[in-house]
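From first to last, the protein sequence lines are chains G and B. Position 110 of the first sequence, counted from 1, bears residue number 110 in this note's numbering, the numbering being contiguous throughout. Position 89 of the second sequence, counted from 1, bears residue number 89 in this note's numbering, the numbering being contiguous throughout.
Derived from the structure by calculation, the hints contain no laboratory data. C-beta atoms are modelled at their ideal positions from N, C-alpha and C, and glycine is treated no differently. Please note: incorrect hints may appear among the correct ones.
[Unchecked claim] Listed next, with one range per pair, are the computed distances between beta-carbon atoms: (1) B/97 - G/141: 45 to 53 Å; (2) G/110 - B/44: 25 to 33 Å; (3) B/99 - G/8: 29 to 37 Å; (4) G/84 - B/97: 33 to 41 Å; (5) G/110 - B/119: 25 to 33 Å; (6) B/49 - G/130: 23 to 31 Å.
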Amino acid sequence: MTTTIERIQIVEIAETVCESLLEMTLHDVENLAAAAALDGHSATATVHISGATNVSVVLSGSAVIARRAAAAMFEMDEADLGDEEIADAFGEIANIVAGNIKSLLPEPSQLSLPAVSQGADLIVTIPGADLLEHVDLGCFGDLLSVALWSRDGADGTGQD
Amino acid sequence: MRILIADDSRVMRQIVKRTLRQAGYADAEVSEAENGQEALTAITAEAPDLVLSDWNMPEMTGIELLVALRAKGHAVPFGFVTSEGSPEMRAKAESAGALFLVAKPFTPDSFREALEPVLG
Chain G
1 MTTTIERIQI VEIAETVCES LLEMTLHDVE NLAAAAALDG HSATATVHIS
51 GATNVSVVLS GSAVIARRAA AAMFEMDEAD LGDEEIADAF GEIANIVAGN
101 IKSLLPEPSQ LSLPAVSQGA DLIVTIPGAD LLEHVDLGCF GDLLSVALWS
151 RDGADGTGQD
Chain B
1 MRILIADDSR VMRQIVKRTL RQAGYADAEV SEAENGQEAL TAITAEAPDL
51 VLSDWNMPEM TGIELLVALR AKGHAVPFGF VTSEGSPEMR AKAESAGALF
101 LVAKPFTPDS FREALEPVLG
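Throw the hints in and build the complete structure from the sequences for me.
Written out as structure tokens, the structure reads:
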């Protein structure tokens with residue numbers, strides 16, 4: 001099945017989620033310089049949407065973003081946060097973004113639990129998937145990116 | 001008034017508690033469960049006045065929890081707080097016996113609007 005979702009819809013969802021959870025405004029930063037700065041990502045959260053449409057939502061951000069987001073959501077000092085709190089908060093942001101994206105896609109489908117990775121130079125690979133859209137947003141003076149990957153393949157079977 | 005929050009995310013349980021306070025339910029006695037199975041045990045033991053449950057959880061999902069409760073004849077008021085707010089999900093929730101579905105991200109106003117008819 002063809003997946004049609006507009007870049008602006010992803011931006012609006014990410015903005016709404018971050019304004020609500022982090023009480024901050026994101027900025028769309030669609031330019032090459034910004035994309036080049038994504039090399040230092042150290043947190044990613046992936047949520048799979050599976051069913052009538054098969055899409056993976058990958059949220060990526062720097063360690064600074066992940067820590068600041070967790071501090072805002074837990075209402076804790078950044079210094080008091082552990083990896084578990086950061087992973088929980090970053091995964092929950094991805095879960096809410098993916099849930100809202102799922103609402104724009106054909107039903108029925110199911111949402112996976114978020115899988116979160118933290119570390120240096122992380123690379124997320126989803127075998128056989130095609131990049132549908134990639135949005136970079138300014139967040140806490142750094143970059144937060146949302147990527148949508150289609151797992152439906154050329155034959156539309158949705159088989160990975 | 002006793003409210004049980006079921007969500008596998010600790011930060012989301014905390015945000016739900018915070019939002020309950022902001023919505024005017026600061027006096028509520030809140031307990032927590034990390035998944036549907038844990039919630040099922042807690043509901044049987046504690047008989048809360050309201051259950052606020054995530055949909056997608058490990059062990060037992062929110063909709064499986066609701067179906068299990070109703071199968072046991074348990075009529076506890078039940079609402080979903082979930083990232084999935086499509087018409088299909090809302091219809092599925094309602095047909096299983098949920099009173100409301102609050103979509104994430106939410107506001108104190110959306111909590112108040114959903115909870116007032118249930119808790120007053």
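Results of checking the hints against the structure:
Roughly 46 Å separates the CB atoms of residue 97 of chain B and residue 141 of chain G, a value that falls within the hinted 45 to 53 Å. The hinted range of 25 to 33 Å is satisfied by residue 110 of chain G and residue 44 of chain B, whose Cβ atoms lie roughly 27 Å apart. For residue 99 of chain B and residue 8 of chain G, the Cβ-Cβ distance of about 34 Å falls inside the hinted range of 29 to 37 Å, so the restraint holds. For residue 84 of chain G paired with residue 97 of chain B, a C-beta distance near 34 Å keeps the hint of 33 to 41 Å intact.
The hinted window of 25 to 33 Å between residue 110 of chain G and residue 119 of chain B holds, with their beta carbons roughly 31 Å apart. Taken as a hint, the range 23 to 31 Å is violated for the pair residue 49 of chain B and residue 130 of chain G, whose Cβ atoms sit roughly 48 Å apart.
Consistency with the previously given hints fails for number 6 only.
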